[in-house]
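Work out the full structure: start from the sequences and follow the hints.
Top line first, the protein sequences correspond to chains A and B.
Note that numbering that gives the first Met the number 0 has the first sequence beginning at 0, numbered continuously upward.
Note that numbering that gives the first Met the number 0 has the second sequence beginning at 0, numbered continuously upward.
Source of the hints: derived by calculation from the structure; they are not laboratory data.
Even glycine gets a Cβ: it sits at the ideal position worked out from N, Cα and C.
The reader is advised that the hints may include incorrect statements.
[To be verified] Within a straight-line C-alpha distance of at most 30 Å, the following computed DSBU-like cross-link-like pairs (lysine-lysine) qualify: (1) K77/B to K32/A; (2) K243/B to K414/B; (3) K77/B to K243/B; (4) K243/B to K32/A; (5) K40/B to K32/A.
[As the list claims (entries may be wrong)] Not close to chain B: a few residues of chain A, all C-beta gaps over 12 Å, as computed: (6) S13; (7) H14; (8) Q48; (9) E64; (10) P70; (11) A141.
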Amino acid sequence: MSHAAAQGDGTVTSHEKIFTGERRAQLEALFAKYPTRQACLLPALWMVQEARGWISEPAMAEVGEVLGVTPAFVRGVVTFYTMYHTHPVGRHFIQVCTTSPCGLCGAEETMQAILRESGCGELGATSPDGRFTAIEVECLGACGFATPILVDDDFIEGVTPERVPGILAAYK
Amino acid sequence: MGYPHPSHPKETVLLSKYFGDPGARTYAGWIERGGYEGLRKALAMPRAEVIEMVKQSGLRGRGGAGFPTGLKWSFMPKDEGKPHYLVCNADESEPGTFKDRELLRWTPHAVIEGCAIAAYSIQAQTIYIYIRGEFTEPWRIMTKAVEEAYAHGALGADAFGSGTRIDVVLHRGAGAYICGEETAMMNSIEGKRGNPRIKPPFPAQAGVFGMPTTINNVETLSAVPHILTRGAEWYKGLSLSSPKSTGTKLFSVCGHVQRPGNYEVTMGTPMRDLIFDMAGGMRPGRTLKALIPGGSSVPIMTAAEVEGCALDYEGIVAKGSMLGSGGVIVMDDSTDMVRTIWRYTRFYAHESCAQCTQCREGTAWTTKVLERILSGRGKQEDLQLLLDLADNMTGKTICVLSDSCAAPVVSGIQKFREEFDAYIAGARRPVLAAV
Ligand SMILES: Cc1cc2nc3c(=O)[nH]c(=O)nc-3n(C[C@H](O)[C@H](O)[C@H](O)COP(=O)(O)O)c2cc1C
Ligand code: FES
Numbered sequence: 000m001s002h003a004a005a006q007g008d009g010t011v012t013s014h015e016k017i018f019t020g021e022r023r024a025q026l027e028a029l030f031a032k033y034p035t036r037q038a039c040l041l042p043a044l045w046m047v048q049e050a051r052g053w054i055s056e057p058a059m060a061e062v063g064e065v066l067g068v069t070p071a072f073v074r075g076v077v078t079f080y081t082m083y084h085t086h087p088v089g090r091h092f093i094q095v096c097t098t099s100p101c102g103l104c105g106a107e108e109t110m111q112a113i114l115r116e117s118g119c120g121e122l123g124a125t126s127p128d129g130r131f132t133a134i135e136v137e138c139l140g141a142c143g144f145a146t147p148i149l150v151d152d153d154f155i156e157g158v159t160p161e162r163v164p165g166i167l168a169a170y171k
Numbered sequence: 000m001g002y003p004h005p006s007h008p009k010e011t012v013l014l015s016k017y018f019g020d021p022g023a024r025t026y027a028g029w030i031e032r033g034g035y036e037g038l039r040k041a042l043a044m045p046r047a048e049v050i051e052m053v054k055q056s057g058l059r060g061r062g063g064a065g066f067p068t069g070l071k072w073s074f075m076p077k078d079e080g081k082p083h084y085l086v087c088n089a090d091e092s093e094p095g096t097f098k099d100r101e102l103l104r105w106t107p108h109a110v111i112e113g114c115a116i117a118a119y120s121i122q123a124q125t126i127y128i129y130i131r132g133e134f135t136e137p138w139r140i141m142t143k144a145v146e147e148a149y150a151h152g153a154l155g156a157d158a159f160g161s162g163t164r165i166d167v168v169l170h171r172g173a174g175a176y177i178c179g180e181e182t183a184m185m186n187s188i189e190g191k192r193g194n195p196r197i198k199p200p201f202p203a204q205a206g207v208f209g210m211p212t213t214i215n216n217v218e219t220l221s222a223v224p225h226i227l228t229r230g231a232e233w234y235k236g237l238s239l240s241s242p243k244s245t246g247t248k249l250f251s252v253c254g255h256v257q258r259p260g261n262y263e264v265t266m267g268t269p270m271r272d273l274i275f276d277m278a279g280g281m282r283p284g285r286t287l288k289a290l291i292p293g294g295s296s297v298p299i300m301t302a303a304e305v306e307g308c309a310l311d312y313e314g315i316v317a318k319g320s321m322l323g324s325g326g327v328i329v330m331d332d333s334t335d336m337v338r339t340i341w342r343y344t345r346f347y348a349h350e351s352c353a354q355c356t357q358c359r360e361g362t363a364w365t366t367k368v369l370e371r372i373l374s375g376r377g378k379q380e381d382l383q384l385l386l387d388l389a390d391n392m393t394g395k396t397i398c399v400l401s402d403s404c405a406a407p408v409v410s411g412i413q414k415f416r417e418e419f420d421a422y423i424a425g426a427r428r429p430v431l432a433a434v
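Shown next, in the form of structure tokens:
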């Protein structure tokens with residue numbers, strides 16, 4: 000799958016259609032599960048992000064066209080939910096919980112270790128080698144296992160600063 | 000059980016019995032453990048009788064508000080004119096709460112069975128289980144369990160040969176605390192921004208897709224099969240205290256305890272037992288300073304208030320807080336209360352859907368005033384300003400997110416005022432850089 004060429008500011012020079020072939024069929028299978036097409040918006044956006052890594056303006060327009068809603072409406076939804084990326088991110092996306100309960104148990108230190116070891120340096124930034132983007136997120140629903148992090152779809156519990164290098168090494 | 004720790008003798012394990020036992024995740028494993036008996040029984044009963052049984056059991060919602068479950072189901076219209084929906088709330092994002100995640104991970108079929116019983120009772124053919132986007136592992140496990148439940152005829156056009164159609168659709172969230180609020184969740188399922196809706200109309204009249212809808216929490220629904228198989232009287236009899244708080248409740252204990260985890264106790268168990276016996280008490284050399292008993296949205300309790308507090312809806316209210324979601328956040332004497340409270344208000348400011356002015360502005364302003372205090376530039380008037388803001392944020396908005404932001408601020412200033420004063424007087428070193 001060739002990715003749409005993305006510039007640093009998130010603008011896209013070309014857009015290869017996403018909902019064709021098998022992915023189109025997958026989306027259409029979802030239509031039967033909801034009384035409206037619009038209800039497939041969140042699932043469709045997940046499909047876009049899975050395919051392309053992020054959700055560009057032309058991708059939003061395509062989703063709107065397929066589901067019968069305006070691109071502006073799609074954009075409003077995309078930007079409401081924090082898990083959708085409106086810009087390209089590193090090959091691996093790290094989310095670290097720093098909400099109070101984890102904060103009581105050292106989440107700040109874990110986050111600092113992740114920023115350091117991943118090369119991201121600061122929150123929201125991508126490491127110079129393009130390998131990681133790290134952000135801080137609110138409560139991941141695993142507060143008894145402080146500090147939980149998500150690396151892509153891998154939910155990892157009990158992350159301490161000492162464990163960070165070993166954990167990150169598994170992501171190339 | 001005290002997952003990830005072994006069961007404690009003071010627990011009563013019902014919903015958490017199979018936490019840590021992967022064998023319970025499969026359909027066959029669940030059947031071996033007595034699963035789907037409750038659903039079979041319900042499908043053979045008149046719908047009204049199932050609802051009556053749940054009413055009699057005294058089961059109340061475990062998602063936060065504690066609304067009687069059977070009563071909620073009885074609000075659904077009885078005619079078959081329009082489609083009805085059941086929504087299972089698996090958005091679990093209330094700081095301090097991590098029980099639904101374990102229910103989804105270890106006993107997915109209990110969740111499906113509870114959903115199916117509820118759906119049958121309220122004549123809903125479709126169930127949406129809304130799982131927060133970050134719950135990647137529960138999503139995979141639930142996906143597999145739903146497939147298996149269909150393959151074995153527990154779900155589908157003719158559930159267990161009863162002639163009743165029950166479909167389950169898993170719907171993935173995408174990162175928004177507010178979508179845990181029931182009407183925001185309905186908008187989110189419809190493919191919209193997760194803005195809460197003004198009530199009335201209530202979901203039982205016009206819920207998701209404008210149709211009659213019931214929404215229940217994962218833990219609430221997971222308790223239902225037990226009520227069906229063992230009876231309402233038995234469930235009610237588990238309570239140690241008030242007839243208004245029945246059955247067992249999962250408490251997620253986190254923060255400064257030696258054994259953080261989920262503990263299941265009968266309602267009315269002393270709070271002290273949960274903190275000091277089951278969760279192992281404080282770390283060596285530390286003492287309890289405060290705790291938040293029901294997820295971050297409820298008032299803070301002092302160590303003195305924990306004494307003599309019963310873990311049930313009424314017992315916690317009597318001590319000035321609320322049972323909420325059962326997420327217990329424990330803070331020992333090393334805790335900086337001002338900084339901790341600031342981190343909560345920052346959470347609410349981040350999660351406000353921004354529809355209501357009092358919430359959008361109030362959560363942000365509260366956070367900024369706390370930042371001022373923490374950076375050593377606070378003024379004595381700031382405490383009154385915080386209380387005035389809290390007053391404007393309570394009872395004035397579409398949903399209670401802004402009330403939730405006010406709760407730790409008001410109770411924090413009431414109970415730990417000297418810590419705020421110390422920052423303002425310059426007696427404590429600033430912990431945030433001046434902005
Ligand atoms: C801001 C906000 C967030 C909420 N988050 C959740 C949640 O994550 N999970 C949940 O079950 N209920 C949550 N609730 C409560 C739901 O609105 C609703 O009362 C509950 O799901 C009903 O189920 P129950 O009667 O079984 O408790 C939240 C409420 C508010 C106001
Ligand atoms: S506060 Fe970190 S997972 Fe809940």
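CA of K243/B to CA of K32/A, is that 30 Å or under? Violated. K243/B to K32/A sits at ~38 Å, over the 30 Å cutoff.
What's the verdict on K77/B and K243/B, does the C-alpha distance respect the 30 Å limit or exceed it? OK: K77/B and K243/B at ~27 Å, within 30 Å.
Would you say P70/A is clear of chain B, with no C-beta pair closer than or equal to 12 Å? Non-interface label stands for P70/A: nearest chain B Cβ at 14 Å, farther than 12 Å.
Is the Cβ of H14/A farther than 12 Å from every Cβ of chain B? holds (22 Å)
Checking one constraint from the list: CA of K77/B to CA of K32/A, max 30 Å. Satisfied? holds (24 Å)
So is E64/A really clear of chain B, every C-beta pair being over 12 Å apart? Check passes; 14 Å lies beyond 12 Å.
Below or equal to 30 Å on CA atoms is what counts here, so check K243/B against K414/B. holds (29 Å)
Take a quick look at Q48/A and tell me if its Cβ sits farther than 12 Å from every Cβ on chain B, holds or violated. violated (9 Å)
Under the criterion that the straight-line Cα-Cα distance not exceed 30 Å, is the pair K40/B, K32/A satisfied? holds (27 Å)
Non-interface claim for S13/A, where every Cβ of chain B lies beyond 12 Å: holds (26 Å)
Assertion that A141/A lies outside the chain B interface [Cβ separation over 12 Å]: violated (5 Å)
Hint compliance for this structure: hints 4, 8 and 11 are not met, and every other hint is.
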